[in-house]
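Enquirer: Kindly generate the complete structure, drawing on both the sequences and the hints.
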Amino acid sequence: MGRIFENPAVIIVLIIVVVLLFAAPKLPGMARSLGQSMRIIKSEVKEMKNDGKDTPPAGAPAATPEPPVEGKIVNNPTQPGSTSGDGAGTGTGAQS
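Residue numbers (UniProt numbering): 1 to 96.
Hints are computed from structural coordinates only; laboratory data are not their basis.
Idealized CB from N, CA, C, for every residue including glycine.
Heads up, a few of these hints could be off.
To be verified - Computed spacing ranges between beta-carbons, pair by pair:
(1) 52 x 31: 44 to 54 Å
(2) 46 x 15: 45 to 55 Å
(3) 27 x 78: 57 to 67 Å
(4) 71 x 32: 43 to 53 Å
(5) 48 x 27: 28 to 38 Å
(6) 51 x 16: 33 to 43 Å
Expert: Structure, rendered in structure tokens:
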């Protein structure tokens, strides 16, 4: 009986059988997790390769910023304190 475990192939087969018997329900989740990890690593390596290529050279002129947008403030008639709308404001009205 002791001679069976001298062969490394037998030990490897026994380990594989034990893993399949006891860890079979967890294998799909582990494979999914490994796939997600590989995708994340792949995208990070791709970003590392592209890092610094988006910046303009030192001698290039800087991009012109967009001009500020001019707007107009409009009173909301449903806000408390407004004088128009449904009468909920603080305007002068008949008091009861």
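Enquirer: At the C-beta level, are residue 71 and residue 32 separated by a distance inside 43 to 53 Å?
Expert: holds (49 Å)
Enquirer: Taking the CB of residue 27 and the CB of residue 78, does the distance hold inside 57 to 67 Å?
Expert: holds (59 Å)
Enquirer: Given the hint of 33 to 43 Å, is the C-beta distance from residue 51 to residue 16 inside that range or not?
Expert: holds (41 Å)
Enquirer: Between the beta carbons of residue 46 and residue 15, is the distance compatible with 45 to 55 Å?
Expert: At 36 Å between Cβs, range violated.
Enquirer: Using the Cβ atoms, figure out if residue 48 sits within 28 to 38 Å of residue 27.
Expert: holds (31 Å)
Enquirer: Given a hinted range of 44 to 54 Å, is it respected by the beta-carbon distance of residue 52 and residue 31?
Expert: violated (35 Å)
In summary, the numbered hints that this structure violates are 1, 2.
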